Amino acid sequence: EAAVTQSPRNKVAVTGGKVTLSCNQTNNHNNMYWYRQDTGHGLRLIHYSYGAGSTEKGDIPDGYKASRPSQENFSLILELATPSQTSVYFCASGDDHEQYFGPGTRLTVL
Amino acid sequence: AQSVTQPDARVTVSEGASLQLRCKYSYSGTPYLFWYVQYPRQGLQLLLKYYSGDPVVQGVNGFEAEFSKSNSSFHLRKASVHWSDSAVYFCVLSLSSGSWQLIFGSGTQLTVMP
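Residue numbers (the numbering used here), protein chains in the order written: chain A, 1 to 110; chain B, 111 to 224.
If we strip away everything but chain A, and leave its shape as in the complex, we get:
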């Protein structure tokens, strides 16, 4: 049983539209993370959270918001999607140096 799940797994959005990516973890970890992966780069941190109600900016937060309504759930929100946000997005959870990753969401913004 997967401990970190993401939905949707694939998403096509239009420029200017709102997109919400969801992540759920059953590890009971306090910390959760959102990354994006682009060709030629490793994963880059967008937002993270220390627990319910908290969100922090990562290295590339511009154009993204995050929401952590509960210990288990962490969402990434693109209020006005742009083609440059076409990417694969990974969620992770972890309480120390080791993080556990979800399967990823492939987002295409047309």
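The hints are simulated quantities; they were obtained by calculation from the structure and are not laboratory data.
Here the structure is a predicted model, which is why all the values come from computation and not from measurement.
All C-beta atoms, glycine included, are put in the ideal place defined by N, C-alpha and C.
Since no wrong hints were added, every one of them can be taken at face value.
Which chain A residues face chain B? A few, computed with CB under 8 Å, are given here:
#1 41
#2 90
#3 101
Following the hints, complete the assembly by docking chain B onto the known chain A.
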């Protein structure tokens, strides 16, 4: 600033051959180092980790890595590769304080030829 460099974007080896994937890091604090593997269209899976102690650490599926503080390196090795090892391998640095943020290398695409 902290960083991770994987100098080889692509590596091709024959099945049964030995393998070394290179990784160099830059960090003034105590490094916590990982190798993750990503199979096509999947998430990242942990291969092995180094926190302290013996500089050679063993991982899953016959992989091992050697930490060198003097060289700021954490190279991944395998004695005999299998076609199923074809994947992208990421060297990752975790910072020793704060949010436990991970710093990723750009990855090495490994192709194992039958």
